[in-house]
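Please build the complex by placing chain B on the supplied structure of chain A, with the hints as guidance.
For reference, the chains in residue letters:
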Amino acid sequence: MAYLIAGETGDWEVVIGLEVHAQVISKAKLFSGAATDFGAEPNDQVSFVDAGFPGMLPVINRVCVEQAVKTGLGLQAAINPTSVFARKNYFYADLPQGYQISQYELPIIGNGVLLIDMNDGTTRPIGIERLHLEQDAGKSMHDQHPTKSFIDLNRSGVALMEIVSKPDLRSPEEAGAYLTKLRSILRYLGTCDGNMQEGSMRCDANVSVRPPGSTELRTRCEIKNVNSIRFVQQAIEYEARRHIEVYESGGTIAQETRLFDSGKGITRSMRSKEHAHDYRYFPDPDLLPLVLDPAMVERIRLTLPELPDEKKERFMRDYALNAYDAGVLVAEQSSASFFETVAKGRDAKAAANLVMGDFFAALNASGKTIDDPPVSAANLGKLLDLTADGTLSGRLAKDVFALMVETGKAPDVLVEERGLKQVTDTGAIEAAIDAVMAANPDKVAEVRSGKDKLLGWFVGQVMKQTQGKANPGVVNDLLAKKMQG
Amino acid sequence: MSLDKATVRSIAELARIEVAEDELDHLAGELSNILTFVEQLAQVDTEGVAPMTSVVAMSLPMREDAVTDGHQAEAVLANAPEAQDGFFTVPKVVE
Chain A
1 MAYLIAGETG
11 DWEVVIGLEV
21 HAQVISKAKL
31 FSGAATDFGA
41 EPNDQVSFVD
51 AGFPGMLPVI
61 NRVCVEQAVK
71 TGLGLQAAIN
81 PTSVFARKNY
91 FYADLPQGYQ
101 ISQYELPIIG
111 NGVLLIDMND
121 GTTRPIGIER
131 LHLEQDAGKS
141 MHDQHPTKSF
151 IDLNRSGVAL
161 MEIVSKPDLR
171 SPEEAGAYLT
181 KLRSILRYLG
191 TCDGNMQEGS
201 MRCDANVSVR
211 PPGSTELRTR
221 CEIKNVNSIR
231 FVQQAIEYEA
241 RRHIEVYESG
251 GTIAQETRLF
261 DSGKGITRSM
271 RSKEHAHDYR
281 YFPDPDLLPL
291 VLDPAMVERI
301 RLTLPELPDE
311 KKERFMRDYA
321 LNAYDAGVLV
331 AEQSSASFFE
341 TVAKGRDAKA
351 AANLVMGDFF
361 AALNASGKTI
371 DDPPVSAANL
381 GKLLDLTADG
391 TLSGRLAKDV
401 FALMVETGKA
411 PDVLVEERGL
421 KQVTDTGAIE
431 AAIDAVMAAN
441 PDKVAEVRSG
451 KDKLLGWFVG
461 QVMKQTQGKA
471 NPGVVNDLLA
481 KKMQG
Chain B
1 MSLDKATVRS
11 IAELARIEVA
21 EDELDHLAGE
31 LSNILTFVEQ
41 LAQVDTEGVA
51 PMTSVVAMSL
61 PMREDAVTDG
71 HQAEAVLANA
81 PEAQDGFFTV
91 PKVVE
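Chain order of the listed sequences is A and B.
Using our numbering, the first residue of the first sequence is number 1, and each one after it goes up by one.
Using our numbering, the first residue of the second sequence is number 1, and each one after it goes up by one.
Derived by calculation from the structure, the hints in this document are not laboratory data.
One or more hints might be untrue.
[Unchecked claim] Here are the simulated distance ranges between beta carbons: (1) A:T303 x B:Q43: 44 to 52 Å; (2) A:G250 x B:F37: 43 to 51 Å; (3) B:F37 x A:P285: 16 to 24 Å.
[Said to hold, decoys possible] Pairs of lysine to aspartate or glutamate residues, derived as EDC-like cross-links and limited to a Cα-Cα distance of at most 20 Å, are as follows: (4) A:K27 x B:E64; (5) B:K92 x A:D143; (6) B:K92 x A:D94; (7) A:K139 x B:D85; (8) A:K88 x A:D204; (9) A:K27 x B:D69; (10) A:K88 x B:E13; (11) B:K5 x A:D278; (12) A:K148 x B:E82; (13) A:K139 x B:E82.
Note that this is a predicted model, so its numbers are computed, not measured.
Don't be surprised by glycine CBs; every beta carbon is placed ideally from N, CA and C.
Isolated chain A, as found in the complex (with noise of 0.2 Å):
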């Protein structure tokens, strides 16, 4: 079903292209040996490079030449053989140099492919026009002091990869599923730790729109900086709803950069950008071209690891999971391999459901991470076992799961110190049955002259008995033969 936005004359579809920066993970900065590290103090990670002092001059830094190099491998990207930097020419407080380096007509990274997960299980291939590498500004604060700026040029000089997206994109949902899977990538490579709350993930979307069916590409908005992606889904939909209104009230929309202010959900235009498409940019004279080594390139090939569209298919192969189910594990590395632990040797959807359903939601409610989960994989494995084998009914294996969240015992030690083993003996069940039967009289009357629905409630009353422990199909084929008769 396409998005499509209803105006007053009919139908508009939106058209979005996403810009991603994405901070490149390495020790050192892009042309300088000061620190990456987030959370210094002020100017503590500042080299006189970042700092623009005259006379200082960049040399790259030959891991954030590799981390680029890894991503566009891992968005099946062209890798540029030849790429050049150029100096982006503005003027901002926390921009010392008056420019930024960055890539402009030859990029590190060119044309590649990026396929989206959406929730109904289909995918869709979003293309990629490029990927650069660029210095990150420094940081500006406005609010410690009623007239000045605070500025730290910690960040200044810090790599960045700016992806662009092509205008593939058509609805909010599209641009979260693109910003989702962008970041389980980076996050896989090790290139970028995707964080978007503490900024070493950043989105820009061009949005427009146009009637359904159409090819034009009408004057688009750029919203910048928005820090969530359902920050960048609300921006996406108020753009658009935006352009529509003033189409169809006879405006025109005017290309420019604006800000969503997410505490009222609206963007709003950004005035002192107004000259900033006028970049002025050139080759850096500081800078020689990028050439890579072919050999790089192959030897950083190797290193990829199983991303996450091929574990996806293997898992749905393997494990004969649903796409749905598939997408939802793979999505981080850590939550893949807690699930292939589990269901190692085991049944595979019911790995998946007591994975994506009890553990999960025992996980949030821990607020500890899978790499510190509140219950081991081994132990879920275990417990997996025990219902298995007849051990633990469904119900007994949910108290046990509880149990196991509370104390982080295994499974086995649980059933065995709290004597929770299900009950199959057809002895103790009858006996169960029989009491509850010469109790109620009654009741046994209505179920006999026809009242079917009275029979849960003799199951529920045998369960009481016997503490949960009696095994519910046995309950339901005794009690059955004991009303007959």
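What follows is chain B alone, placed relative to chain A:
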């Protein structure tokens, strides 16, 4: 190529250089002359020649990914017109 006054005014603004109104005509003439001079390069036939971005036939040397610099906030801030609590301070710039 010749530049008009409006373009010169816009270039000056982008470069944050204050240019008085009565200097614009003169500057437009000078800049136009420079552009015309450089444009002579366009007469060279560059068919099939890759664009040159550097005059030396070398590629970019690389540094190892090691922390070798920083931890000198005092030196970084030494020439700042204004600083406070380890930050540079500037007149408030806010959206």
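Checklist entry - Which hints from the list above does the structure break, by number from lowest to highest? => result none
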